[in-house]
Amino acid sequence: MSVGSCESVRDALPLVLAGRPAGVPAGAVEAHLAACDECRAEARVLELLRRHPMGVPAGLERRIAGAVRQRAGRGGTGVRPYALAAGVAAAFVAGALLLRERPERAGEPAAAEPDAGPPAVPALWPADGTTGASAALARLDELSVEQLESLLAELEP
Amino acid sequence: MARRRIRRREVGLEAAAHVAAEGPDPAVRAGLLADADRVREALARLPEKQRLAVTLRVYQGLSYKEVGAVAGCSEGAARVHYHFAMKRLREWLQ
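So the protein sequences, as listed, match chains S and V.
Numbering of the first sequence is given in the working numbering, commencing with residue -16 and proceeding in unit increments.
Numbering of the second sequence is given in the working numbering, commencing with residue 262 and proceeding in unit increments.
Hints in this document: simulated from the structure, not taken from any laboratory.
Glycine included, each C-beta is placed from N, C-alpha and C at the ideal position.
Some hints here could point you the wrong way.
[Claimed, not checked] Each pair of labels, with its calculated beta carbon distance range:
#1 A48(S) / R306(V): 40 to 46 angstroms
#2 A305(V) / E139(S): 20 to 26 angstroms
#3 R306(V) / A24(S): 16 to 22 angstroms
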């Protein structure tokens, strides 16, 4: 999964919008969104979701707080220092979306991925499971709903 | 006294005009409400773990590892749940 691939950008987007470190350079996300219709569509859905916040199920707050505390304890930082970054990050993603509102030329595919190596739909995991499952995990956005379902069945027997 | 009353009425009218000018257009408001309903419905249609993965990622900004810790599944499974959910939400909400 290269920096700037659809996979890494989609993994990073919710964290970027939330102002959390996403492990991908901010410029790479922005540049990718400017060139990729599909990821821009995903960013739009994420923004729509974020405009209408829904609560988490009752009783989960403590577990969430625990997970976040663990992160802080590992030498990382808690959520608070990222609050300032949130506005900036959200603004640049929103800006990238706005910039890209102009219509695309019909019939022309989005800019080709730099890592156009793997086949469109990867062969799922072989009989032994583990290695194939991790290969499939690396390219989740290319999997169909059925493939995702069988991957889940494997991960959560 | 009368002048003060008139002044107060003017202020009231000004405020009303201000609210009317600033308040959301009914069509815009209807659109916002419709969006909120669509989001709520779409999230409600997702299976529980997918809904949880999306909620924790999008609204709480948690990593897959953290989502796994909260949802009681592996990091890999959390990632699959999230991607699965986003695939569906894009279909339903675009």
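Against the structure, the hints:
no.	hint	verdict
1	A48(S) / R306(V): 40 to 46 angstroms	28 angstroms, violated
2	A305(V) / E139(S): 20 to 26 angstroms	22 angstroms, holds
3	R306(V) / A24(S): 16 to 22 angstroms	19 angstroms, holds
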